[in-house]
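Enquirer: Note that the protein sequences, when read in sequence, are chains U and F.
Using our numbering, you'd call the opening residue of the first sequence number 1 and step up by one each time.
Using our numbering, you'd call the opening residue of the second sequence number 1001 and step up by one each time.
No lab work stands behind these hints: they were computed from the structure.
Backbone N, C-alpha and C define an ideal beta-carbon position, used for all residues, glycine too.
There could be a bad hint or two in this list.
[Unchecked claim] Per the computed footprint, the stretches of chain F lying under chain U, defined by three or more beta-carbons under 8 Å from a beta-carbon of chain U, are: (1) 1013 to 1022; (2) 1084 to 1093; (3) 1107 to 1119; (4) 1255 to 1262.
[As the list claims (entries may be wrong)] Once the Cα atoms are required to be at most 30 Å apart in a straight line, the calculated DSSO-like pairs of lysine-lysine come out as: (5) Lys-259/U x Lys-426/U; (6) Lys-1040/F x Lys-1008/F; (7) Lys-359/U x Lys-380/U; (8) Lys-259/U x Lys-1108/F; (9) Lys-426/U x Lys-1008/F; (10) Lys-330/U x Lys-380/U; (11) Lys-344/U x Lys-330/U; (12) Lys-259/U x Lys-344/U; (13) Lys-442/U x Lys-426/U; (14) Lys-442/U x Lys-1040/F; (15) Lys-103/U x Lys-83/U; (16) Lys-330/U x Lys-75/U; (17) Lys-344/U x Lys-359/U; (18) Lys-155/U x Lys-1108/F; (19) Lys-263/U x Lys-1108/F.
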Amino acid sequence: MTKDKREVAHRPETAAIPTGWEYSPAPESREVVHLEERYGLFIGGQFVEPLSNERYTTIDPAREEPLAEVAQAGKADVDRAVKAAREAYAERWSSVRPSERAKYLFRIARILQERSREFAVLESMNGGKPIRESRDVDLPLAAAHFFYYAGWADKLEYAFPNRRPRALGVAGQIIPWNFPLLMLAWKIAPALAAGNTVVLKPAETTPLSALLFCDVVRQAELPPGVVNIVTGDGRTGAELVSHPDVNKIAFTGSTEVGKAIQKTLAGTGKRLSLELGGKAANIIFDDAPLDQAVEGIVNGIYFNQGHVCCAGSRLLVEESIYETVISKLKRRMRTLRVGDPLDKNTDVGAINSKQQLDKIGSLVQAGIDEGAEIYQPPCKLPERGYWFAPTVFTNVAQSYRIAQEEIFGPVLSVLTFRTPDEAIEKANNTPYGLSAGVWTEKGSRILAMAQRLRAGVVWANTYNRFDPASPFGGYKESGFGREGGRHGLESYVALDDA
Amino acid sequence: MSRLPVRKTYKLFIGGAFPRSESGRTYDAEDANVARGSRKDVREAVRIARQAGAAWSGMTAYNRGQVLYRVAEMMETRRAELAAYCSGPDEVERSIDRVVWYAGWADKLAQVIGSANPVSGPYFNFTVPEPTGVTGILAPEPPLLGLVSRLAPVIVGGNTAVLIASESHPLVSIELAECLATADVPPGVVNIITGLRSELAPAIASHMDVLALDLTGADGDVAELERLGAENVKRIVRGRADSQSPYDIAAFLELKTVWHPIGM
């Protein structure tokens, strides 16, 4: 498409847009989910009361209403879970034939598919993410992840030529609140496929899908102790990390906590994989298919309320198309529907917690204070619950906090560039290196950019795509180790000489 | 009448040159006055290694393989000198053969370590290995074979290295540097600092532009070095001094996955 044609195709910002359309509410029923009033810890194949005797209430962030009471696992609880995992590893799981191990994982995948609506609704209730996303992204991917790694369980020797892979033992796994069940799947599936047993700690604010997963474990008749779930806040995670009988720690979360974990494990010889923060550049060249690119920008930063470590939170636009892109983007932002996560028309759901809402608010304030220009589309936010309107900042300097720090919210910072070199320089100018996006119709430029971007995942003419067969993970301070694909197995095996 | 031999002054190896330590200090090892590198020397070496990274990693894999093979050629011509500073000819030969072995990996890594990924959607998706960046190495014993076993896998993948020589056996590393300097290894790809471990190891472990750290040769407080390394999430490797494996190369590589839609 020539430039002239594109400009003709572009409607000015003032053109009529369907923001006034009223949508009838289309809420997904909550009836499919049956919650207990209180949950214990899942240890050794059954729910047990926490020895700590501490509990807290987990809520629905869209309504600020309690959903259930869950346990705050203490040191003795973590120890009990690790012991159960160790016993299961030594006495049961390591003697299960790999082909049988595979079948357990296939069962889990199937059960997740069968119960996907229940899980999707619960995920949206406890996490605040739109049901369309839980239903169409989180659940299918979680099931697919188990299905993918199931097939590896009896083929490990083909993944590591000239080596004899063996399980590490007990894996301690700590996951974040942005994709609770999907992150559980990313952690548990490869660990079990490789023959490990696990103690997994879901995020403090989103424990419920992991607790429901215990019922999947029961239905799949997994031997007791192979999967143990301990709920709690960061203190529980710290106990798991420092437990002497854990062979491996896998963590997904902030870079700050990741560094602390790496320091705790220093000198212990324990295995570690880290999937940490990001501040990805989404780079738009002047020959990009602009309407698609704008969809990619929106998907890149407003998907899951921007609670995505690989979110395209820095938009780098070639100067010559800056005005056009910004006006198209603002226009598109005005069509985003913010509100009830259970409503099938919702694009942007609730912010996961009060704490995260405050963090987003303070960084946005910093952006305003530092001199960036803020735009938020007119949208009516519900009175109860935690909400943040989709936000874009222009006139952003690279030194601003909103261009440097991970906001983990629906906040986009826009920078411009004139040459590919400048785009690369700006994109790489961050301690992070998780992901990046490139939009251009020129194939050779895509490959050149892909080669020079220091990031573990590069999406070209697309953004925020995930697949169990596709390795995911960061460069630099975004962590190390990969999840997904053959490479994802490496984090869970020791490689002996053949 | 006997001839008075001309002795060699043992200096550092930074950016392809052989400077003295900026500190002007030396220490006594193997009956020689060996340069006692400083923290500032380490910083300078890291700066230069970082600069050298783009050209070295941008070179074709075939070329990098040839450069490594050329290192083996240079070592072969200096077998006697190298043998004098390690356990003897056998160690030298094994070291040379190891460099040749690694040279051959340069243009096979991406095929063995990378992958094409069959994702469930209309996307072309592949994963390629790329160098991590500046890598700090604490040279292990045995002096030559250990050095080569840890250095070759780092540089064959396109990383650049700052190597802290063995404190008690530093001379062989300078002999090796002379092989590197004459083998078309671009200046700055390998930098070697001699001196005291207690000064140099924390300096390299804590440097924020060093992205990977090989502690196979660490003899002191490994936990402290790992803690320092965590400040910028370094990839920290504790391997074997005598191993030869593509997995040792992979330990210093990042994996990049690229997605592109398929469509008409």
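Enquirer: Are the hints correct? Go through all of them and say.
Expert: Status of each hint after checking the structure:
Counting residues of the stretch 1013 to 1022 of chain F whose CB lies closer than 8 Å to any CB of chain U gives 0, which falls below the minimum of 3, so the coverage claim is violated. Look at the stretch 1084 to 1093 of chain F against chain U: 0 of its residues bring a Cβ nearer than 8 Å to a Cβ of that chain, fewer than three, so the hint is violated. Here the stretch 1107 to 1119 of chain F counts 5 residues with a CB under 8 Å from a CB of chain U, which clears the bar of 3, and the coverage holds. Beta-carbon proximity to chain U at under 8 Å applies to 7 residues in the stretch 1255 to 1262 of chain F; the threshold of 3 is reached and the given coverage holds.
The hinted pair formed by Lys-259/U and Lys-426/U meets the criterion: a straight-line CA distance of about 24 Å does not exceed 30 Å. As the CA atoms of Lys-1040/F and Lys-1008/F are separated by approximately 24 Å, the hinted pair is consistent with the 30 Å bound. Taking the CA atoms of Lys-359/U and Lys-380/U, the gap is near 21 Å; set against the 30 Å cutoff, the hint holds. Pair hint Lys-259/U plus Lys-1108/F does not hold up; C-alpha atoms about 33 Å apart against a cutoff of 30 Å.
As the CA atoms of Lys-426/U and Lys-1008/F are separated by approximately 47 Å, the hinted pair breaks the 30 Å bound. Only pairs whose Cα atoms come within 30 Å are accepted, and Lys-330/U paired with Lys-380/U is accepted, the gap being roughly 16 Å. For the hint linking Lys-344/U to Lys-330/U, the alpha-carbon distance of about 23 Å falls within 30 Å, and the restraint holds. At roughly 39 Å between alpha-carbon atoms, Lys-259/U and Lys-344/U are farther apart than 30 Å, so this suggested pair is violated.
A threshold of 30 Å between alpha carbons decides the hint, and for Lys-442/U with Lys-426/U the separation of about 20 Å falls inside it, so the pair holds. In summary, the hint linking Lys-442/U to Lys-1040/F is not supported, as the alpha carbons are separated by about 45 Å, beyond the 30 Å threshold. The straight-line distance between the Cα atoms of Lys-103/U and Lys-83/U is roughly 25 Å, inside the 30 Å bound, and the hint therefore holds. For the suggested pair Lys-330/U and Lys-75/U, the alpha carbons sit about 50 Å apart, so the restraint of at most 30 Å is broken.
A distance of roughly 28 Å separates the Cα atoms of Lys-344/U and Lys-359/U; the hinted pair therefore holds under the 30 Å criterion. A threshold of 30 Å between alpha carbons decides the hint, and for Lys-155/U with Lys-1108/F the separation of about 23 Å falls inside it, so the pair holds. A C-alpha spacing of about 35 Å is found between Lys-263/U and Lys-1108/F, which places the hinted pair above 30 Å, so the restraint is violated.
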